[in-house]
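Enquirer: If you want the building blocks of each chain, they are given just below.
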Amino acid sequence: MKDKIMHGLKSIGIPRLTIITLLIVIYIAAYVLKLDVAQLFSDNLVRMGMNGVLVLAMVPGILAGTGLNFGLPLGVICGIIGGLISIELNLTGLFGFVVAIVASIPLSILTGYYYGKLLNRVKGSEMMVGTYVGFSVVSLMCIAWLVMPFKSDAIRWPIGEGLRTTIALTDYYDKVLNDFMKFRVAGIDVPTGLLLFFFFMCFIVFLFLKSKTGLAMIATGSNNKFAKASGINVDKSRMIATVVSTILGAIGILVYAQSYGFFQLYTAPLMMGFAAVAAILLGGASAHNAKIFHVIFGVFIFQGLLLAALPVANVIFPQGNLSEIMRVVVQYGIILYALTKAGGGQ
Amino acid sequence: MNNIMLELKEISKLYGENQVLNKVSFSVEKGEILCLLGENGAGKSTLMNILFGMPVIHSTGGYAGEILLDGQVVNINTPEKAMELGIGMVHQEFMLIPGFTVAENIKLNREVTKGNPISQVFGKDYRTLDYKTMNRDAREALDKLEIGIDEYAKVEGLPVGYMQFIEIAREIDKKNIRLLVFDEPTAVLTESEADNLIKAMKHLAAQGIAIIFITHRLDEVTACSQHVVILRDGGLVAAKKTSDTNTVELAELMVGRKIEKLVQNEENRNVEKSETIISMKNFKVGMPGEMVKGIDLDIKRGEIIGIGGLAGQGKIGVANGLMGLFPASGEVTLNGEPLVLNAPMASLKKKLAFVSEDRKGVGLLLDEPIDLNIAITAMQVKDDFLKKVVFFNQIDEAKVKRHAEEMVKLFDIRCTGTEQKTRRLSGGNQQKVCLARAITLEPEVLLVSEPTRGIDIGAKKLVLDTLIELNRKKNMTIIMTSSELAELRSICDRIAIVSEGKLVGVLKPDDSDAKYGLYMSGKTDMPGEVL
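Taken in sequence, the protein lines are chains F and Z. According to the numbering used here, the first sequence holds residues 1 to 346 in order. According to the numbering used here, the second sequence holds residues 1001 to 1531 in order.
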């Protein structure tokens, strides 16, 4: 019996146990401090849904052996451009959202293709190169946002040149997924549409991973010499993974934005990759292996921690600045912890 | 008898349960060249590692027996100690820094220095190099070898043959050097370079330095040595005066072992008359460490052909080249049609299947389950194990599992279930998975490299039996590459011996040991018959 428990604990992994414990402790603290736990949990579900697809974007890269996709901002930017096109066309509601996705996909494919080409040239240091590709492209886009030929008043600054730093979606497709079939149970708001969309995307990726192409990708990531000997085109597999990851990044930011209510331009996409990396690592993935379960579980606990830790810290440290500092410490602390413990349970 | 410099007494060494050296004794005289002969795995390297006090020996429990230097028992427990005692080694791979001059390389880590103001303050590490003395010393060492390289030339760009001499010069520049070990120095040299090297060795021996010369080339043995010691399977087979023996006898002693025939002589088994299935012309493969430098070979349908030879001579490269895993060139036809080289998929589509010698590196997805390992290649190549789901193709998991279960039964793969990860299997069971994967492709030609390396006897027999069965029942042509000559001779119809990247000749399994030994050392004529 004792062995079985030990085995069970081992299979979850110490890092996971630590984080789960921490999350539970924070929720208990929130209850003790008389915070609205039901509301916290509702927000937790929303956060999970809105970040989920971005985290899912990590899976193809990890499985194909290009590692964690720190170049996620590339996909994010493609998604934002798709979203802006939809606004420019003055489309609203679910239709506007779908057009945003459709518009972003060709862009993501193109971007993913060139990004994949680059990654194929720097085998072995994809994560490092990806990080800096993300940084450079975000910076480059800071110029591009200023000169893009969008005409809509919702997108441009009312005076001067260039696009706004934040673009409100209130009149377009704000919360189209969140509010779809939304219901309330035991004080908890369940964003049905958002969660359904997230699980649907997970399912699509799951199917993809069980296809011939997906399995070729997994073989490539698992052992590229084996893949080569099995007649698999290693570079092509990695390329496909990068393209898929970029597309998921684009869809991910659109899901995120519709829930958040704004597009954030300029330097905002910079750190998008890090939060997604942290979430999937916390979920139990490593730089070489990831499952869909890691995505769902990881994004739930990571976002839960970030979300719940802030109000709790706010109450414990009433000085305004301190809680903000705490939040940053907690966020990057978790990322660091997740990266160092990435090897954890199986 | 005072002349004896080094004496080894009953040296034994166990690696775990594995006896790699069994009571080996011999002695080396001052100023003589002694040749150490033996196949790969005979225990030569282990013996030399003991002599040099390499950490690998002492971290695995040390050795038994005594080493006597000038009649004194010495305990060589570190390489530094060996150096102190005047034992030097010339490595097969060059350990030289290309950007440094010849003199700098020779003096590496033993630089001659002189003081300067900075070193007075900051200590010895900041002393200036005394290039004059260093160059003079280097010149002296090079002159001893009678080699005309400029000591101030940079090493990069020098011909390979010269690099060996720089290595040697580095050893003899050590003032107390008394015993030099040459570990297969001629393997990478051309014939004329090798001749030069042997000349230099003789020259050194004449100056009183004892030399242990490890080589595979039998004619070099007779050309330079006074004594020859032959190891086989960790034991001393013979220690002879070179003048009392000849290359034929040496070859026989080196190879000779009992051969267990797994296949009884069958009548009307005459594969040589059947049609050619694969024909290679001037086939070259750029596989690092196993270069194939132009082979012409016809393989007949339905035969088991062995490819043998010593390690590093190119035998491994042949199969890897045919499968497109390493850059290959030349003309290869399969069933009369040209085979597209350098494209693994093309080879696989032409019904070639490969069981790699590098089981863990190439042969398996270690973190994936057994069933996927077995099925994935057939899935990629033949779209097998797939089912259509709307517009997606999906892996047919039930079929994959069913097939894996059949294979587990067929090969007696010991596992907890077909979903077990292959990393957790033993070497023999991993090999069976590799073989199962290859057979799942239903190949016309099966290429197996080192199929029994590192697996236990039971698994070995099963693997070999399976190969024979596949050959006899399905008329599968099998190209088997192996370092174990005995194994090749037990199941093959013909055996092609490769040496230095070229085909030396094709032998019959029942040809004499001497012939095999000679072919492996790259010679086809039998000097013994002339004598």
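Incorrect hints may appear among the rest.
[Claimed, not checked] Below, in silico cross-link-like pairs of lysine to any residue (SDA-like), each with a Cα-Cα straight-line distance of 25 Å or less: (1) Lys151/F / Asn233/F; (2) Lys236/F / Gln1420/Z; (3) Lys117/F / Gln1420/Z; (4) Lys210/F / Ala1223/Z; (5) Lys228/F / Gln1420/Z; (6) Lys291/F / Asn1342/Z; (7) Lys1387/Z / Asn233/F.
FYI, nobody ran anything at the bench for these hints, they're computed from the structure.
Enquirer: Hint by hint, note whether the structure agrees.
Expert: Status of the hints after comparison with the structure:
1. Lys151/F / Asn233/F: violated (44 Å)
2. Lys236/F / Gln1420/Z: violated (29 Å)
3. Lys117/F / Gln1420/Z: It is violated: about 35 Å lies between the C-alpha atoms, which goes past 25 Å.
4. Lys210/F / Ala1223/Z: violated (64 Å)
5. Lys228/F / Gln1420/Z: Holds - the C-alpha atoms of glutamine 1420/Z and lysine 228/F are around 23 Å apart, at most 25 Å.
6. Lys291/F / Asn1342/Z: violated (34 Å)
7. Lys1387/Z / Asn233/F: holds (22 Å)
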